[in-house]
Amino acid sequence: MKPSAELTERLLDALRAEPGLRPATPANLPAVPWDLDAFAIDVDAEAIEIRVVATRLPLPPLVDRAHRTLRAIIDESPFKAAVLRIAINDIDATAVTFPVPEGPSEQPRSRE
Amino acid sequence: MTESPSTEVARTSQLVTTLGTTTIADTVVQKIAGLAAREVSGVHALGGGGAVRAFNALRERIPGASASVGQGVSVEVGEKQAAVDLDLMVEYGVSITDVARTIRKNVINAIEQITGLEVVEVNINVNDVHLPGDDDSSDGRTESGRVQ
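Those sequence lines, one after another, are chains A and B. Position one of the first sequence corresponds to residue 1 (this note's numbering), numbered consecutively onward. Position one of the second sequence corresponds to residue 1 (this note's numbering), numbered consecutively onward.
Take these hints with a grain of salt, some might be off.
[To be verified] Which residues of chain B face chain A? A few of them, derived with a C-beta cut under 10 angstroms, are:
id : residue
1  : I24
2  : T27
3  : V119
Calculated from the structure, these hints are not laboratory results. Quantities reported herein were computed from a predicted structural model and do not represent experimental measurements. C-beta: ideal position from N, C-alpha, C; glycine also.
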């Protein structure tokens, strides 16, 4: 197995264990015998880009955790010099059963 | 935020750290802004002018289809900052300045807390006012019209 394919597999395993994020995989592809989630990861010597969809909010704690986990895996690979880029491509409908985070929510005046 | 030395991460923002960078797609910010604006009382609908809304009203009648949550919202998203433009229709009788202020506050709050991006601008374009009875104009015309 090529080092990039091996790293992709390890990153996907780690990403699947991360709560709140899933690989952003093209929808409606026909059934194929390989792992479609691998489309969400690009590995090269300079940069590793991982495209994800958020299934929970807020994003900062999720990406912070993902960065730590994924960076640790990259640092153990031959690609340790590569920059890690996590791209949040979309948010799932399940993530936005709002409540917007607390804050002033004053109601506008209504003319009677 | 304080972090223990073993987990300390140098950062210039929540999205750019020494461990790597996070980019957020426009559609993510668009959805959050659209939802945050819609929940403000006094906002009737988001979207462009009459033709756009008429098309969306038609689309909503198609089973399984619904108006896009990002409708009426355009955004510009950078590495650390975002700017939002909203097109919307308000309910008749509300104070537009108050509604606009509440929308701005809600949108900024939601985007900053949910994504970690700094919102530098929320421009609001109120393109119409929804009058009571506008929705049932097609049924009401024969009842309230001057001629039959």
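Tested hints:
no.	hint	in the structure
1	I24	holds, 5 angstroms
2	T27	holds, 6 angstroms
3	V119	violated, 13 angstroms
The structure is inconsistent with hint 3 alone, although it conforms to all the rest.
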